[in-house]
Amino acid sequence: WTVDEANPGETTQTVVKDAHGNILQDGDTVTIIKDIKVKGSSFALKVGVKVKNIRLVDEVNGHNIEAKVPGFGQMMLKSEIVKKSN
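For the sequence shown, our numbering gives the first residue as 1, with consecutive numbering after it.
No lab work stands behind these hints: they were computed from the structure. Don't take every hint at face value.
As the list claims (entries may be wrong) - Derived Cβ-Cβ restraints for the label pairs, each shown as a range: (1) S42 with V15: 29 to 37 angstroms; (2) S42 with N22: 29 to 37 angstroms; (3) N53 with I33: 14 to 22 angstroms; (4) N53 with T14: 14 to 22 angstroms; (5) G48 with G27: 27 to 35 angstroms; (6) V15 with Q74: 33 to 41 angstroms; (7) K17 with S42: 29 to 37 angstroms.
Claimed, not checked - Computed cross-link-like contacts, BS3-like style, restricted to lysine-lysine with a CA-CA straight-line distance of at most 27 angstroms: (8) K68 with K50; (9) K46 with K78; (10) K39 with K52; (11) K68 with K84; (12) K78 with K39; (13) K37 with K78; (14) K83 with K37; (15) K46 with K68; (16) K50 with K84; (17) K34 with K68; (18) K50 with K78; (19) K52 with K17; (20) K52 with K84; (21) K52 with K37; (22) K83 with K17; (23) K52 with K34; (24) K39 with K84.
Backbone N, C-alpha and C define an ideal beta-carbon position, used for all residues, glycine too.
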């Protein structure tokens, strides 16, 4: 028997890391480290914007974080452009 048969309800989760290699989890607070042009908007997300209560999702076009960004609303972000905050 294999490991999957031994633990049928258990699924493997991918590890998501920020730009500095810190492991991210649901509910973490992150800071944007690079200016980002927002598709469909004339504004851009600036460096230093703090995003609270992130949610990790399955990767879609390289975006693996879903969060409510202050001033923009619900967005998908890439983990490579954020750093974990304390």
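Hints versus structure:
| no. | hint | result |
| --- | --- | --- |
| 1 | S42 with V15: 29 to 37 angstroms | holds (36 angstroms) |
| 2 | S42 with N22: 29 to 37 angstroms | holds (32 angstroms) |
| 3 | N53 with I33: 14 to 22 angstroms | holds (19 angstroms) |
| 4 | N53 with T14: 14 to 22 angstroms | holds (20 angstroms) |
| 5 | G48 with G27: 27 to 35 angstroms | violated (21 angstroms) |
| 6 | V15 with Q74: 33 to 41 angstroms | violated (24 angstroms) |
| 7 | K17 with S42: 29 to 37 angstroms | holds (32 angstroms) |
| 8 | K68 with K50 | holds (10 angstroms) |
| 9 | K46 with K78 | holds (15 angstroms) |
| 10 | K39 with K52 | holds (21 angstroms) |
| 11 | K68 with K84 | holds (16 angstroms) |
| 12 | K78 with K39 | holds (14 angstroms) |
| 13 | K37 with K78 | holds (13 angstroms) |
| 14 | K83 with K37 | holds (18 angstroms) |
| 15 | K46 with K68 | holds (15 angstroms) |
| 16 | K50 with K84 | holds (10 angstroms) |
| 17 | K34 with K68 | holds (17 angstroms) |
| 18 | K50 with K78 | holds (14 angstroms) |
| 19 | K52 with K17 | holds (16 angstroms) |
| 20 | K52 with K84 | holds (10 angstroms) |
| 21 | K52 with K37 | holds (20 angstroms) |
| 22 | K83 with K17 | holds (9 angstroms) |
| 23 | K52 with K34 | holds (17 angstroms) |
| 24 | K39 with K84 | holds (24 angstroms) |
Violated hints, listed in ascending order, are 5 and 6; each of the other numbered hints is respected by the structure.
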